[in-house]
Amino acid sequence: MATVDLKDVRKTYPSGVEAVKGVSIAIHDKALCVLVGPSGCGKSTLLRMIAGLEAITDGAIAIEGKVVNAIGPAERDIAMVFQNYALYPHMSVYDNMAYGLRNRGTPRDEIDRRVRATAKTLELDHLLKRQPRELSGGQRQRVAMGRAIVRNPKVFLFDEPLSNLDAKLRGQMRVEIKNLQRALGVTSVYVTHDQLEAMTLADVLVVMNAGVVEQIGAPLDVYERPETTFVASFIGAPPMNLLPVAALPSSITSAAPAGAATLGFRPEDGTFSDHSEQSQLSLAAEVEGVEPVGAESFLYCRHADNRLILRASGRTTVEPGARLAVTIAPEKMHWFDGEGKRLS
Amino acid sequence: MTPRVVFPNKILPYLLVAPQLAITAIFFYWPASQALYQSMLREDPFGLKSSFVWFANFRKVLADPNYLNSLKVTAIFSVSTAAVAMSVALLLAVMADKVVRSRGLYRTLLIWPYAVAPAIAGMLWLFLFNPSIGSLAYLLRAAGIAWDPLLNGTQAMVLVVAAAAWKQISYNFLFFVAGLQAIPKTLIEAAAIDGAGETKRFWTIVFPLLAPTTFFLLVVNTVYAFFDTFGIIHAVTGGGPGKATETLVYKVYNDGFVNLILGDSAAQSVILMVIVIALTAVQFRYVERKVHYG
Numbered sequence: 001m002a003t004v005d006l007k008d009v010r011k012t013y014p015s016g017v018e019a020v021k022g023v024s025i026a027i028h029d030k031a032l033c034v035l036v037g038p039s040g041c042g043k044s045t046l047l048r049m050i051a052g053l054e055a056i057t058d059g060a061i062a063i064e065g066k067v068v069n070a071i072g073p074a075e076r077d078i079a080m081v082f083q084n085y086a087l088y089p090h091m092s093v094y095d096n097m098a099y100g101l102r103n104r105g106t107p108r109d110e111i112d113r114r115v116r117a118t119a120k121t122l123e124l125d126h127l128l129k130r131q132p133r134e135l136s137g138g139q140r141q142r143v144a145m146g147r148a149i150v151r152n153p154k155v156f157l158f159d160e161p162l163s164n165l166d167a168k169l170r171g172q173m174r175v176e177i178k179n180l181q182r183a184l185g186v187t188s189v190y191v192t193h194d195q196l197e198a199m200t201l202a203d204v205l206v207v208m209n210a211g212v213v214e215q216i217g218a219p220l221d222v223y224e225r226p227e228t229t230f231v232a233s234f235i236g237a238p239p240m241n242l243l244p245v246a247a248l249p250s251s252i253t254s255a256a257p258a259g260a261a262t263l264g265f266r267p268e269d270g271t272f273s274d275h276s277e278q279s280q281l282s283l284a285a286e287v288e289g290v291e292p293v294g295a296e297s298f299l300y301c302r303h304a305d306n307r308l309i310l311r312a313s314g315r316t317t318v319e320p321g322a323r324l325a326v327t328i329a330p331e332k333m334h335w336f337d338g339e340g341k342r343l344s
Numbered sequence: 001m002t003p004r005v006v007f008p009n010k011i012l013p014y015l016l017v018a019p020q021l022a023i024t025a026i027f028f029y030w031p032a033s034q035a036l037y038q039s040m041l042r043e044d045p046f047g048l049k050s051s052f053v054w055f056a057n058f059r060k061v062l063a064d065p066n067y068l069n070s071l072k073v074t075a076i077f078s079v080s081t082a083a084v085a086m087s088v089a090l091l092l093a094v095m096a097d098k099v100v101r102s103r104g105l106y107r108t109l110l111i112w113p114y115a116v117a118p119a120i121a122g123m124l125w126l127f128l129f130n131p132s133i134g135s136l137a138y139l140l141r142a143a144g145i146a147w148d149p150l151l152n153g154t155q156a157m158v159l160v161v162a163a164a165a166w167k168q169i170s171y172n173f174l175f176f177v178a179g180l181q182a183i184p185k186t187l188i189e190a191a192a193i194d195g196a197g198e199t200k201r202f203w204t205i206v207f208p209l210l211a212p213t214t215f216f217l218l219v220v221n222t223v224y225a226f227f228d229t230f231g232i233i234h235a236v237t238g239g240g241p242g243k244a245t246e247t248l249v250y251k252v253y254n255d256g257f258v259n260l261i262l263g264d265s266a267a268q269s270v271i272l273m274v275i276v277i278a279l280t281a282v283q284f285r286y287v288e289r290k291v292h293y294g
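Chains as they are written, first to last, in the UniProt record's numbering: chain A, 1 to 344; chain B, 1 to 294.
For the record, the hints were derived by calculation from the structure and aren't laboratory data. Please read all numbers here as calculations on a predicted model, not as lab measurements. It is possible that some hints are incorrect.
Partial chain A-side listing against chain B, Cβ under 7 Å, derived [unchecked claim]: (1) M80; (2) N84; (3) H90; (4) G100; (5) Y223.
For each residue, glycine too, the CB sits at the ideal point set by N, CA and C.
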């Protein structure tokens, strides 16, 4: 049962910068937990603290129920995949994968068996004698994965492992990582700034901002019920539309709970029709740009001084400059207070 | 690849490289050829006439037990100097890499000895270890060591090696610090997670990745020990006691400019040139193969 528990973890750098301001997360055994947030939100620092590469200023990190604050990275029984892969450039693929096992005194034939078995599952068996510089980006990524898997650790840590790959390969590797993690059943923590990666990979999604956790939950729950305006605007592409209540017609704001300052709705939840069908319950919006992406089109609109994005499925006949009447079903409306907190 | 530049004018390219060629010819090829020519001449005792003797000087030099001794001294001196200078510099660089606060100051201070002229460095060491006035010599004797580099050849060798290495450490340190900084931090972190302790990390990750730097310094230090240590030896021991610290370069000077046996001296410098060319070629051919660039 390799659980990872973070209790009020804090990190303050000697310069006085507070990178992580009290984060508590409980990760279940075999779960894939994704930490997502903009750069500088403290997600990588948090991962490095779990790895033992960064000292913990305050709070406690426990792996399998055992507090590891004072334990070095080697004894935590974790494996990490780095953004730049961190393959040892002077060692062959085989030696890269065998290095960790050798350091732990695994018998020679056992190392050989495990390296070859891992190489086979990752389709690296024909590359074992190569040096990292002779591999493509995708292959290097696989070797980095292999180096983590071969040790059979309690926890996998991924630090933006796909951000150096091109879009197509990234999609492929995303699926592969998910399948591998399921098959191996190893508890994992995955850091990314890509919300699509976060949504598709996570069992548990942790949205971070400025050193604090904004929301923890299953990806679709987070998508459907963002707790803050930050989560609302960070999760989902394109992001949720956020309009100040003051700019809305009273017919709409009458449905708002007390203290509401912002209305949010997803681009796909705003139904629109021609301007002439403007009713009391709709918003007037002027189309500024149209972005067809194939299966859907995004309309970039303006309501008073606020921008909003609408989604139309398939091709759309709407042209820039058109005026629309946008209607939002009351159950699709998200209301937030002045501090950006959700009002239910 | 950038396309080849073609000059429309046939003479211009030669004119452009002419200054460089002239400098190389005047200051390198001409003296080198003079040395080669002179190594085949024999002067009469009064310097009135010289006769061309082909390779007689070389035969004489190579049969001279003093010369063979000097060869041995040079080998011991160069290997020890390069080894001491490089290992101490590497140790200091690894330590400096760990310093978090005022790391710049620490490095600057370690680079200073390089700015000291060889003869001055030699004098410093001479004063420190002079058996009659040296403060450190006094301490050594107090510790029960019969310290007298003026009489003991081994101790004289230790002294010149220390002085020569001391001066080169700064230079090596600088390169090792740069080399260490070029190793990505994540590699060290990955090795730490892979269960390698600090010593193991150094020998399996850091040291192999420093190989290009180490190799470069090996070449530079060998050449330094061969040629640039004349000032130190001249100031500290003058080649003595006996001929215990008389390196090839020092012997060239001694035979040529002190004893005025110009033919022998020239023959020795030609041999020296061949030795260094051969050493460098060997280093590039065999050692470089084991070096991983990038």
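Cross-check of the supplied hints:
The restraint placing A:M80 at the interface with chain B holds, with a minimum CB-CB distance near 5 Å, inside the 7 Å limit. The criterion of a C-beta within 7 Å of any C-beta in chain B is met by A:N84, whose closest approach is roughly 6 Å, and the hint holds. The closest approach between the C-beta of A:H90 and any C-beta of chain B is roughly 4 Å, which is under the 7 Å cut-off, so the hint is satisfied. For the restraint placing A:G100 at the interface with chain B, the shortest Cβ-Cβ distance is roughly 4 Å, inside the 7 Å limit, so the hint holds.
With a least beta-carbon distance of about 33 Å to chain B, the hint placing A:Y223 at the interface is violated under the 7 Å criterion.
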